[in-house]
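Read off the chains here:
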Amino acid sequence: MFRKLALCSFVLLLSGAAATAVAADLTLDQILAKNIQARGGMEKLKAVKSMRMTGKMTVGPGMEAPITLIEKRPHNMRLEFSLQGMTGVQAYDGKSGWTIMPFQGKKDAEPMAEDDLKDAEEQADFDGPLVDYKEKGNKVELMGKDAVEGGEAYKLKVTLKNGDVRYIYIDPDSFLEIKTEGKRTIRGADQEVESTIGDYKEVEGLMIPFSMQAGMKGSPQKQSITIDKVEINPTVDDSVFKMPAAAPAPAADKKPGA
Amino acid sequence: MRIKSLLLLLTLIAVPLLADDAVKVDDQTLSGLTARSIGPAATGGRVAAVAAVKDKGRTLVYVGSAGGGLWKSPNGGTTFKPVFDKYTQSIGAVAIDPKDHSVVWVGTGESWMRNSVSVGDGVYRTTDGGDNWQKLGLENTEHIAGIAIDPANTSTVFACAAGHLWNAGPDRGVYKTSDGGTTWKKVLFVNQETGCSSIAMDPQDSRILYAGMWQFRRTPWSFTSGGPGSALFKSTDGGATWRKLTNGLPGGDLGRIAVAVAPSRTSVLYAVVEAAHSALFRSDDMGESWSEVNSSFNIVGRPFYFALLTVDPQNYNRVYKPGFSLTVSDDGGKTFSPIAGSAHGDFHALWVDPEDSEHLLTASDGGFYSSADRGNTWNFHGNLPIAQFYHVAYDMERPYNVYGGLQDNATWYGPSTAPGGIYNRHWKSADPGDGFWAYPDPNDPDYLYSETQGGRIQRENMKTGETRDIMPSPRAGEPKYRFNWNTPIYMSPTRKGTIYIGCQFLFRSRDRGNSWEKISPDLTTNDPEKQKQEQSGGLTVDNSDAETHTTIFAISESPKNANLVWAGTDDGNLQVTRDGGRTWSNVAGNIAGLPRNTWVSSVEASRYDEGTAFATFDGHAMGDMKTYIFKTSDYGKTWKALANDSMSGYAHVIRQDTVNPELLFAGTEAGLWVSVDGGGNWAHFHGGDFPPVAVRDVAIHPREGDLILATHGRGVWVVDDLTPLRALTPKVLNSDVAFLPSRNSVQMIASSSDFGFPGDGEFSGQPAADDAVITYYLKKRHMFGDLKLEIYDPAGKLVSTVDGGKRKGLNRVTWSMRMKPPKSPAAAGGIVPNFFGILGPRVLDGAYTVKMIKGKETYTSEVKVVPDPRSTHTRAEREAQFKTAMQAYNLLARLTYVVDSVVDSRNQARDRVLKLASTDPLRKQVQDVGDSLDSMRSKLVAVNEAGGITGEVRLREYMIDLYGSINGYEGAPTQSQLNRLEALTTELDGISAQYAALNKQFDVINAELQKKQLDPVHSLTREEWDKRQSAGN
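Chains as they are written, first to last, in my numbering: chain Z, 423 to 680; chain Y, 625 to 1657.
No lab work stands behind these hints: they were computed from the structure.
Predicted model only: the values in this text are computed from it and were never measured.
Errors might be hidden in some of the hints.
[Claimed, not checked] From the structure, some residues in chain Z lie toward chain Y, with a derived Cβ separation under 8 Å: (1) 506; (2) 527; (3) 554; (4) 593; (5) 611; (6) 621; (7) 632; (8) 646; (9) 648; (10) 652; (11) 653.
[Unchecked claim] Where chain Z lies over chain Y, by a calculated footprint (3+ residues, C-beta under 8 Å): (12) 647–659; (13) 1074–1087; (14) 1453–1461.
[Said to hold, decoys possible] Quick list of simulated restraints, FRET-style, between CB atoms: (15) Z:561 x Y:1117: 57 to 67 Å; (16) Z:624 x Y:1627: 44 to 54 Å; (17) Y:872 x Z:566: 46 to 56 Å; (18) Z:517 x Y:965: 53 to 63 Å; (19) Z:533 x Y:966: 39 to 49 Å; (20) Y:996 x Z:537: 20 to 30 Å; (21) Y:1327 x Z:533: 46 to 56 Å; (22) Z:472 x Y:1627: 34 to 44 Å; (23) Y:1607 x Z:569: 34 to 44 Å; (24) Y:1422 x Z:483: 17 to 27 Å; (25) Z:495 x Y:1555: 39 to 49 Å; (26) Y:1092 x Z:612: 25 to 35 Å; (27) Y:891 x Z:583: 48 to 58 Å; (28) Y:699 x Z:517: 30 to 40 Å.
Backbone N, C-alpha and C define an ideal beta-carbon position, used for all residues, glycine too.
Same shape as in the complex, but just chain Y (with noise of 0.2 Å):
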């Protein structure tokens, strides 16, 4: 039967429901369109706590990631995988039952106060390895810095929580649970400004405990660390009572304190504690008495970021300190030394073998490190994709590349695809300290546009690492550039090459940041308030640009007219103007439910009307944790919330899709979320398992349609190909089964280049299908009877059939592109090596039906297969080369049937001699062409049995491996190879004569045979080989 192909890519809407019984797009209605997690691991993500225990043997090992969940690896570190993807994903405590491995307490929302600390919600347990989670409470907390469980009693657990760190409460302080978290009980609060910073638990006497509790508090233009508050405490009977530890202690306000018990002698104690003089001290008499030893840099550097000891459990005097580096002390704390120069500095968390004082794991800003000398040399573990991106761009080379800075990792730009895998040596950076935005140049794809913190924008040559500081600088009579921690830098979407950033001004330059237009007056609110950063900190000064207020955070122009930009403030003003930058007007006050002084966190003018716009805006840093979205129509005026309660996380971005605009794109701090109806619904976004990470940035491919996510704890993530999502309208999901169109299906080069072993160690990104991706949607799971798809070509001839998917809403199924594989037939001596000796012939470019076969019912489609548009080949050239691998796939398939017919006749021939007596002598004549058959098997064939590499080569050997190096390249065949086919062909039909006389020795002794009531030897037909083909023997 032929297939009519139908509407150029487009789809066939089956059964149509009444279009008013709408069917919303949830969450699980989109989970079958997956995401790429493409890295980098070549780098961090910060990580918040580490965890590990020795078991059975072997090293298990969990790592808490700032952002980018909770990863566990059984090996010591050679592999990882994310055991928490359902829940939040920033980690602020791990601990591990010492009694039952398979127990993990887990406290959510890292403790590391920096300014874009996430936040958690409680406590959670698994019981069997982390297959399973419970949420135990404390879901108001925010921040945990440690758990403490009592090793007698496992069901006894102390939670020290920091509580929030943007607003005042009573969601913090020491709890305590007696059964597993089922209840809990606050034992230690000191007022709604302090929270838990550090727990230490004695190892022989889990009655006591000692707690630093901290006052703390950040604000969107300052940090302080200090107060009142703030204390070492101590109880004795389990944390009913605890009493302020004080004596050696600095007197006046503290800050955040780290304190360590020596498991080797319980009465030794470390603490480091900030005050107007910070320290680490000592005590070795259970923290009645404390001494200073030591207040060397990395001691008392940024408490709030690194307010951790460790003491080996061995050596009471052996301590370590993570901290802007990893110092170790070997006499109890008087002189420290650095030991991990080669990892990435701002550790975070370090763990000492118990059994193996020699064996560290330790992690930081930059990852994961083991050593197993003690420090002095580290091995990075290159197989967490916990990067934490801003923000993401692209190019336009194929397979195009991404973009995009890193939390205190600079930027990184990597290829979205590449074949077997995206692989850490794929990477490449740029720009060492925090890196933020970073575009190509579109006019020169050579060069990088990148920052570092406070808008220290540069330009590289990424070929040669040449870089410029093209940062604008205030000229004579002007004021201080404000520039944001993450500065925006934007590229004109109408004119090639224009650039814009923003400190309190804006900033244009068509020069390529040679020289910068100032277009705009100061457009922050200007208050000097939130302008004394040089006082953030509190007891300890810092003030890094990460404070730096009042100062333009997103820009935009609009596509549909260059004099029309939008610039959004982190203190909250939304400013827009239409001329180029001569006026600008703040829009802000016309959004209604909006708090005064928001931050705008993303702008994004739409591409199909100068008038509309749309914008987030992030309360976070005051408390406000709700998610907010607006659009305009009218160019600001009026504002409709888009947002609503079924959301989560505060906003980072909003994006239009490039072709439909009803479609639209949100991350906020729990995860992507999908409108497909312009922001009327929402569906939070899980294909592919990606979890629910914050979601800096999105960008949308213009050439490609896929849908490129940065993510600020897991990397870059990619969904290849928009084209269904675009077309899910209402029509479609009230249709009980509809194919979606597609993009073109490309034939990519098959690359052979570029393979390593390099074992389990190192992360992989996936990458894309090679295949055509068929999109459908069904509005019920598949269950009874067949769902496949028959693929035809353009001549109607059925070229392949591949098994559906049957999960309800959108399904991705791939086609290889390729016929069935060619037949082949039995030999000795194994796979002939050939890669491409295995797969049928791709198929030529074209359009090719799909026919959906589920149940009794059909529908149809269609896939427009192209070359890849690198290919240099021509249409004739692929023509020839298509030709020719047929013409070799079909004489594989006569020599098969040529095989399996003088095999059959063999032991036809056999069986018969069997049934004559010994002294028949038409027994030796039928033995005897018996023979003849099969020393024709063994020119077809391999035959030697030996076992292992015979290097036996026979026609069958030869034709596959001719077949395959045929089928593995696009372009034309070289002559040698249509030498080689015309030779082999000739010589297949030398053979085939030869067995046709035989089988004309087959009719006389056939007769003889039939005299002695003996079934004649019948050698099979092509025709009669055919027919058992297709009939699936």
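Chain Z with its partners taken away, still in its complex shape (with noise of 0.2 Å):
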């Protein structure tokens, strides 16, 4: 339950930071030029080599989770969550993912099945599907606007390498993402999320999204995510997005010599 949870909201999460916006009748690349420009220029996304992101996620009426979004280049991950003191973790390095589910007593790292790892490897593509889209094999199209959000908002529909297809739609003012609607194949099957994405604010020069709603399309049910605080690169040490051999207690646990 709560390693759903955790997969459909982080997806989400940041990958989100992508947005633009325009008038009119721009253009495709004139979108997408706005919108990196909206989020703080190439050069300052660029500069970004880790960010750690810490708030809460609300999973339901009255259910709230402390979390840690913790993202390093070149394809690194790690969200951590925490119920009744109980700390859930999934990581990421590039190539193999793994997750850690205390909730129900055990605490070994569990690896994650290639299919489950869609979420991870989206949200480790670390400035958003947008960015040099074309260098990592995504193809975007612009299919016009369409009504999102109580508004008029740029679609644009990208596919990425792996062929499945997001929708992300752009603010026609600041040219920041306001929506994106994901579709994955698990197993050969659809599942699709959406995710509205607000509360932008200015960190270090960059526009970050401090709010998120996410869930399976068309339900009503979402789960609700605000950040707290943003580090822009923070020092992250690689060792953190490896599955850990046997059950990691926390640091603070570790037994003198251990």
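Combine the two chains into a complex, taking the hints into account.
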């Protein structure tokens, strides 16, 4: 249960940093350029080597879990979330992914199946699928404008290298992303998720969303993620993205000499 | 900072702009006001077309419903999702590109030409499996019976357009595109009365086509199938030229024809031909000659509704005939056997798996079914909420139930909400047949008034099922009563239990239908030309009540004056009496701009003013698709048109809000329209993905303020709480930010009953939110900085913070009416399995202040929290519960502090141990204290790291479980719980005392450590811990 919750939320969570906006008849390239500019510019985006975000995730009425998301270039990510004092982990190091789900008593890290990794892979796409999309093998099409979230927005169709499709809606005034719809194929079946993104704040020259509502497409039950703090380029050791060999006791719990 | 509570339940309007700079309510303004689809999916919904294909080993299915859109299942029907919700909801034909299954063609406008059939607006195509659609023209065809794709070159496609049902016109026949729908050429046209009813392509040679051409017409009072235009045609050059096939087929006028080619032997064709003597014909020479093989009832019955044949792809002698029942022949059409007795009748689609002849999909007036044994047994798929309601009513239960009648699916009633979702099992049915109006008896909620077609009203005891026929019948010397297909039944708003029903006369009963008082003369035109239903049908006589005309269709009694009653008729009279029925006057002629004899689809006497009434008129059955809505303020002497060019769809209903006279709701064939200014402007409503489905009836629940929508194709939808909409004034709309009032937020009793594991295959209607719903308006989308809501209790203390909606227009944000979740220390063993142990305590009822933080601005409103009216607990009991829950909650926080401090001290001790030489006697001392702390931890929390079900229970686990059990019940805690709380408190006190004692030992050790230049061990204090918590650690 918790694994599923975390999966569909964090995917949408931060990868969603991509956003752009435009007026009437802009081309796709213009929209993408304005999006990157609105996010802080390519130079600043590329200067980010690692990022840590802390906040909370509401997983149901009255159910809140503190979360931490760490990302590091080239393709590392780690999400932690806590419930009743226990911390679950999902991580990916560019090759393989793993989870620790201690909520039923087992604290060993478990590898993730390839299909279940798609979320993590996307999350680890540091700048989002729009930046350098051609080099990444993504296809992006401008689908015109569509009514979304009470107003008109540019609709971009992104076909990821693996064939999964995402729609990204760009606010025509700010050129920042306001909504994504993700469709990925899991064991041959489509899984559709959507998220709305907002509360952009400037952090060291970058425009970063601090709020996200995510869930299965069409379902009224959405997880809400709000970010309290964003750290740019914190020092993060690569080891946190690697799957531990055995159940990692929290560092503080280690016995002397152990 | 203490937040002052502001205006009770009123909105605080922020930064009003110039009031003249009017902002209009449009479809987007209201898009955040969501509607809930509550089903039922327990029965149909007529399905008009089914297309399926084997796709990577799975069965990909598209179900085209008659009025509820297109549904896609990638898994053979286990789950469905609607993929056509931005477009017209009536589907006539669906075809999947055989080369690329992500390409799907849809012909809109059902072609099963019953009286209630909807209309379409052309051909659409998707190239990405339904995510996006392009409209490809043929907009004015209204009804499309078939789509045939050339399997060799899939950009060549034929559309079989039946064309207009209600009037003549050129937009019908067979159309061909060779460029994927960019351009179309009409390749077969007979005349303005004759369209295409069936098309078949030779699967081995796509140049060979067969088309059934059909002459047909409906009026409100008649149906005609057949005429000289009807014939079976063949082309051998890809549609360039056509010739009639006649050899062996009946002479004279023909009616609707269905034609099918046997895929496994394409020289074999079957055709059902409506004629003076209708029959199934077979050809063994590609249609050049035909011989009659069968004329049994199910073959020839009701061709306008069932002209369809499916040949088993692997067996040219096996042919299926969907009809009243589903029949199959295994001998080339000589004999037929019924095979789907368990399924709802009136079949309109059948698919046979080309790879597995055992695997069938079918659909009928009752929905969608699948079979794994060639039709011997069937699975009903209870996951398509496509019910075709005509009307809806409600009762006053908590939660209230909704009631309504469906096309060919009787009367259904079910709850407006249910814990965890509204499932098929929550819905119940009454009276087989077509259902229309249904009302619970306001004097005895165990009884239901309902009807079937033609005015067959009955009164049923819903507990026992006992049913009594209470239909009025003519007395000696009276003419035959003419009851409409959809006969109006109406409950008096002024006299509880008084009930009306109308034929050409209006009747009133004050004794539960035991006797009826005739309170009008014939209110219709009584035009004998419109009363010849016994001759209706054309070649096949069809007199089912569906065409009964010159009848009363709409009734409304003024809530201000029981003697003022309106009655509208299907032949265009709008009559009013102001003396309880003694005298009547027809005021329809006073309505400028309304064609004569236009069907009165609804009339609504205003609840605010006796002279005011609203009426809708529906001319579609005469070929007039305009939206007609009118209002009078002088008892019908003069009328004002309310509909404007922004609206579409012929009008079914208008309702005036029960609180705000300016708030109007109009249902048309194209959806729901909302006006907040008395009909000056209308917004097309799409909230919560509400599709442009026909809205046949609208009700407003007087207690809850919910809007209840009866759709003819998507079941019942509910828009919870109209309070914000009632307050959507121009002043609000001109504000940058404005809170809108909501009804009281009810703390619903947490129900843990009624759960199950139904898998994925059952529809579940969305329940009403258990949360408080906070509504506000944003003139622009919020983009930058925070937008969050802080909730303060009546004492001004912050109890919760929730993320706010950012959308332009109305936003609805929920608050769980709970405090933050309890603190809990880390432990082995996992989550304590007590649901309420994870949740924060539920707050007490009262007025809570909502403070919106939007960037640098703040705005304030209020939420009034009230207990569930069903709750039996007194305020004192709830206070006792809250107090005890908070004690347990605080005890958990204290435990968390103690554990954190103990672990922190232990870790410091262990750190110092590593820094001391192994020979140092201090090392052993520090080590011992560290070990004592570790064993102390093992009394506080489960520490067994074995994983899985260790069964280890310590203070943490006991405490969370106790907290959860107190938190899960709103009444006073049990004595056992109070005792247990005391015991656990005492236990924690004891360990805390031990910890304090151990801390004393550190004083000694710390002096020694400092001598060795090592940091002292500092035990974390509660103050320091609290500071850490509030810092968000």
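Okay, the hints, checked on the actual structure:
no. : hint                       : result
1   : 506                        : 4 Å, holds
2   : 527                        : 4 Å, holds
3   : 554                        : 24 Å, violated
4   : 593                        : 6 Å, holds
5   : 611                        : 6 Å, holds
6   : 621                        : 6 Å, holds
7   : 632                        : 7 Å, holds
8   : 646                        : 5 Å, holds
9   : 648                        : 5 Å, holds
10  : 652                        : 13 Å, violated
11  : 653                        : 14 Å, violated
12  : 647–659                    : holds (count 6)
13  : 1074–1087                  : violated (count 0)
14  : 1453–1461                  : holds (count 5)
15  : Z:561 x Y:1117: 57 to 67 Å : 60 Å, holds
16  : Z:624 x Y:1627: 44 to 54 Å : 49 Å, holds
17  : Y:872 x Z:566: 46 to 56 Å  : 54 Å, holds
18  : Z:517 x Y:965: 53 to 63 Å  : 58 Å, holds
19  : Z:533 x Y:966: 39 to 49 Å  : 47 Å, holds
20  : Y:996 x Z:537: 20 to 30 Å  : 28 Å, holds
21  : Y:1327 x Z:533: 46 to 56 Å : 55 Å, holds
22  : Z:472 x Y:1627: 34 to 44 Å : 43 Å, holds
23  : Y:1607 x Z:569: 34 to 44 Å : 59 Å, violated
24  : Y:1422 x Z:483: 17 to 27 Å : 18 Å, holds
25  : Z:495 x Y:1555: 39 to 49 Å : 44 Å, holds
26  : Y:1092 x Z:612: 25 to 35 Å : 51 Å, violated
27  : Y:891 x Z:583: 48 to 58 Å  : 49 Å, holds
28  : Y:699 x Z:517: 30 to 40 Å  : 32 Å, holds
Hint check: violations occur at hints 3, 10, 11, 13, 23 and 26; the rest are consistent with the structure.
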